[in-house]
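Engineer: For reference, the chains in residue letters:
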Amino acid sequence: MTLSDLDTIPLGIPRSPAVPAVPAVRAVPVVHRGLAAARAHRHSLAVLAVVLPVVAVIHGVNFDGWPGRVTDDEGTYAAQAYSMQYWNRIAHYTYWYDHPFGGWLLIAIYTKLTDGFHRAATAVTAARELMFLLHLVSCVLLYRLGRLLGLRRFFAAVALLAFSLSPLGLWYQRMAFLDNIAVMWLLAAFVAAASPRRSVAAAALAGTFMAFSFWSKETTLLFLPGLYVLLRQHRDPRNWRFVRRNFLGCLIGICGIYILYAAAKNELFEGPGHVSLEWAVRWQLFDRAPSGSVLDTSSDTYHVVRSWLDLDPYVVLAGIAAAVPLLALRRLRVVAALLLLQFGFIFRNGYLPNPYVTAMLPFAALCAAGLLDVILPSPSPSPRSAPGWLASTWAWIRRGAVAAALIGAVMTLVPGWSPKIHTALTDDASAPSRDATRWFLAHIHDHGTVVTDDIAWTDLVIAGRRPLPVWFYKLDLDPAVRAHFPHGWRDVNYLMMGKPPDSVLTEVPIVAEALRHSVVLRSFGNGEIEIRRVLPSHQPPPSP
Amino acid sequence: MNATSHQVRARDLPPGLRTHARPLAPRRLAGAGRGVVLHVTLTALGAGPLGIEPQLAYLIPFALAVLVPRTVGRAGPRGTADRRDHRGSRLPRLVQLAWETAGWYVFVLAVTGLDLPVWLAAALGATTAATATLALLQRAARTRTGGPGAWLTVLTVPLAGLLAVRAAQNHHAVLLAAWTAVSLLMLVVAVLTLVRGQYSWQLPERVHHVDLADPAPPQHRFSLIVPARDEPVLGRTLTQILAGDYPQDLVDVVVMVSHDQVDELTRRIAEQIAARHPNVRVLAPEGSQRSKPLSLEDARRHCTGDLIGIVDAESLIATGLLTYVNTLALSQKDVGIFQGGVQLMNVRAQSGASWWRARNCLEYYIWFMSRLRFQARARFIPLGGNTVFIRREVLEALDGWDVSCLTEDCDLGVRASVAGVRTTVFYHPDLTTQEETPESLTKLVIQRTRWMMGFMQVLFKGDWRLLPGARQRLIAAEMLTMPFFQAMAGILLPVSLLLTWFLAAPTGLVILFCLPMAATVMSVFSEQAAFREFADAYDLDVGWWDSVRLVLSAPFYQLVLSVAAVRATARLLRGRLEWEKTSHSGAHHGPAAGTGRLGLEAAS
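Those protein sequences? They're chains A and B, same order as listed. Okay, so the first sequence: first residue is 1 according to this note's numbering, each after it adds one. Okay, so the second sequence: first residue is 545 according to this note's numbering, each after it adds one.
These aren't lab readings, by the way, just hints derived from the structure by calculation. In this text the structure is predicted, and so the values were computed from the model without any measurement. Careful, some of the hints might be misleading.
Just a few of them, taken from the derived set where beta-carbon distance is under 7 Å, the chain A residues facing chain B [as the list claims (entries may be wrong)]:
#, residue
1, P17
2, R198
3, V200
4, R241
5, F242
6, G253
7, A264
All residues carry an ideal CB built from backbone N, CA and C; glycine is no exception.
My request is simple: use the sequences and hints to build the entire structure.
Structural biologist: Structure follows, in structure tokens:
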């Protein structure tokens, strides 16, 4: 008897359902599962369908114009992405382990898939395109996190809007900072950790996303204890052992690849003649010059915080104020604690990076909206015949408080934010930088060496400027670059950059010298970017 | 890929028509079309973004088309009148290779000579190969002879020459690429093993799957087969069976012993117990060459119960086992096989080396608690040969055990999966059958050698190719080639280190070579969790030193398994399928000549 005769089993052996006539093939259509999931979440999808287009318009229109090219970091990340895509190198100069390279790797993947560098007006524009897309993803993740933490759909949407429409958020989320990428992965990790299925796979994903966040910006490790506590809060004791081990295993494994990379290049520990991860970590943690106390009105820290509050004081302060009472509520405790922890770090008297507030925004939005959600009483599960007059009065007071808060918020934020949002949608503040690059490429065709900032660096390289432009920092600080300038500032022919502050100029004496011996060919944006020609014979004007 | 892998499904045709091919079935054409599209896509991908030379880029879909259908393609039915072998494709691999090479020549001609774009040239080449294959299939179907002669392999000589020259020119790159492929494969297997080993704990609801409340009233008759060979502890085993809480009139015990000198003591013990209990029967068939599957087949004839169970002679079954299996059998009428849990209990040994015993016990725990449950859900399960209960009609339909296979339980499981028989796996600390670890490391190696030889036998037998789903076949192939992977895993680390040292591999590749080890490290973490669960389940007193020893023993245990895998391969290649001489077996057994029945001895 062969298998092909299974359907004609001779009499005597009873046909039982355990012996199938035809082997069944299970088919699990993925499409059906997707549709079922969509149907289950249809209310949230409707809310997002209303809110996301608003966010997309406000973040998308004029994303390249406002904020302008206020920091060189954006150009650096774009340049490093360019060198990854076209030169297969991690950075356009020596990679010195300042940040793990996952952030600009993502930018490079995006520009490779969309041919960003040749399509967009400038290299930084291409990077900012990616920031726009990542912001939309972050908004959805923030909404989902709010829902998983128990917020009603309305308040999760309020959190989304607060996160996204705040001018402070608008300023930092449009710019090509690693923080935006890291925050997106961080929110993804939190969403995975708060997953209702409590599965090992979700925990592994949480560990992986947290590791990706580390790979984008290593400072997000600060959030790791909070993430672990959230995972622990949502645990099921039946498989908790496996959940936490998979979380930690994925996290340590993927973060460990960074250390493995450094070790494979023999750049893990300090040694002569090469950069090292150890040195970079020590510099970031200990050796970096502190920017002063926030309470000292002349310190950098104070100026940075002042600039944040000038953009928008409401969301972050409301969030911090809301976080204090939320510490008492279990489901929002982790978010509140993380926000207060970040707030406390500002007073550390260490170095405060400019985009620090980027990671505070989602938590502040969640705390503020979360507090309103907590205050608003939930409808009682069973309609009781006679709720006590005290309880119902208290409920109405709470409803009134929430309504007042919402109305007050609308009445304050709409006039407060509208002018800034209007500026964001219309003001083209990066015109000077763009125009300067365009003018340079159109009018200067000799093969002189140009020293420039990183924002213009990639655009010049893409346009074919040879010899390659030099980023002004590296002229003094990178020995490999300085070797190309045996005569110091006299080997420099052109300068295309703004005037760096004196604290920076003291670090780059060759560039300072070149600036003093140069004449302005063309100025853009009231001196924001100046194209200068270095003349060895030129006598610098006497200092006043 | 090509038409040969998409034959009309066997079950779609009535039995009589299965040996004829329908001319140019739409399914065949669709398969050929899919193959062409795949050729074009992969070549364009390789030549474009990946920057591989076009001539070499075409070789990627080429290799897939030649290797994949006959490796994991679905096999047709096996019939006596069917001249085709069970491998599925009706063309020998050499012929397929020849026609694909012809397609490659067309491609090269189009790209270099006619200067056509890569995708168009790839389409032409793939169409040539597909047309030739289809034409050949038609001819083969009509004439019912084998394919054209081996002269076609002459076609492949220039291609082979080109590849050889290129390989010799860049032997560093070839070596690194080969090792990268191996590393990636090992990484995939390691990750899959890790994920499947955690199947039971993946979701909280899955952890506790046995409900001991509400047992059904006893209804099914059990026939328990106890194959014994030189087992002084047989008395204890039988006593435990007879002390169960299932009514004894519904339980038949068939004890299989040998008739020879070696089993004298065992036979006497069995006969003593049989004298006291009417439902115990001792069978001692004549014959100089005994093996476990032979015993099982002999015993099957004497089994009259509805559920036939196998209990190893040195194991202790749980008292509530039969009651629970009865409950399962009554409530799940469409399930044909019920696999219970087997657990090694001695984490530490009283005497002798015991660094490996904890790991051995943990292996069983993870296997029966988690991995087998995954396999049951994936509809491909290699059964354990102990504490497994099969409905009698299912066993008859499957024609019993294969007496020539070293792991007859795995083989039965494969054939049951092919026939679509469903299996339920259950594991509960109160229901597991308890065994002891092998006495020494040498015995462990011998035991594993036998298992791996058995797996390889089942792999080469090819029954798994009859599985209906591609995913099932892949799972089957991965499981049955586990011996090879385990052999590789042992030498992975040293070879990777050597290669990176001597060949100065680029940084990215170094990281890639280390990834399988990262997966192993991750599985160390999850094994710790499973070890804790195991200790909790059985109230064992394990301390931190046991955990540390578990972690530290991992690479050495891996090495032991690699040794066993290499031994198994060597023995299989030499055709030495006889049982190895162990210390207590004085008889000599040798392979029978040419009768198909090979001399095997039941393994302890």
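Engineer: Could you run down the list of hints and mark each one as holding or not?
Structural biologist: Each hint, compared with the structure:
The interface hint given for P17 (chain A) is met, as the beta carbon of that residue sits about 4 Å from the closest beta carbon of chain B, less than 7 Å. Restraint check, R198 (chain A) versus chain B: the minimum CB separation of about 6 Å is within 7 Å; hint holds. Taken as an interface hint, V200 (chain A) checks out: its beta carbon lies about 5 Å from the nearest beta carbon of chain B, inside 7 Å. Because the closest C-beta pair between R241 (chain A) and chain B is about 4 Å apart, less than 7 Å, the hint holds.
The restraint placing F242 (chain A) at the interface with chain B holds, with a minimum CB-CB distance near 4 Å, inside the 7 Å limit. Against a cut-off of 7 Å between C-beta atoms, the interface hint on G253 (chain A) holds, since the closest Cβ of chain B lies about 5 Å away. At its closest, the beta carbon of A264 (chain A) sits 4 Å from a beta carbon of chain B; the interface hint therefore holds under the 7 Å criterion.
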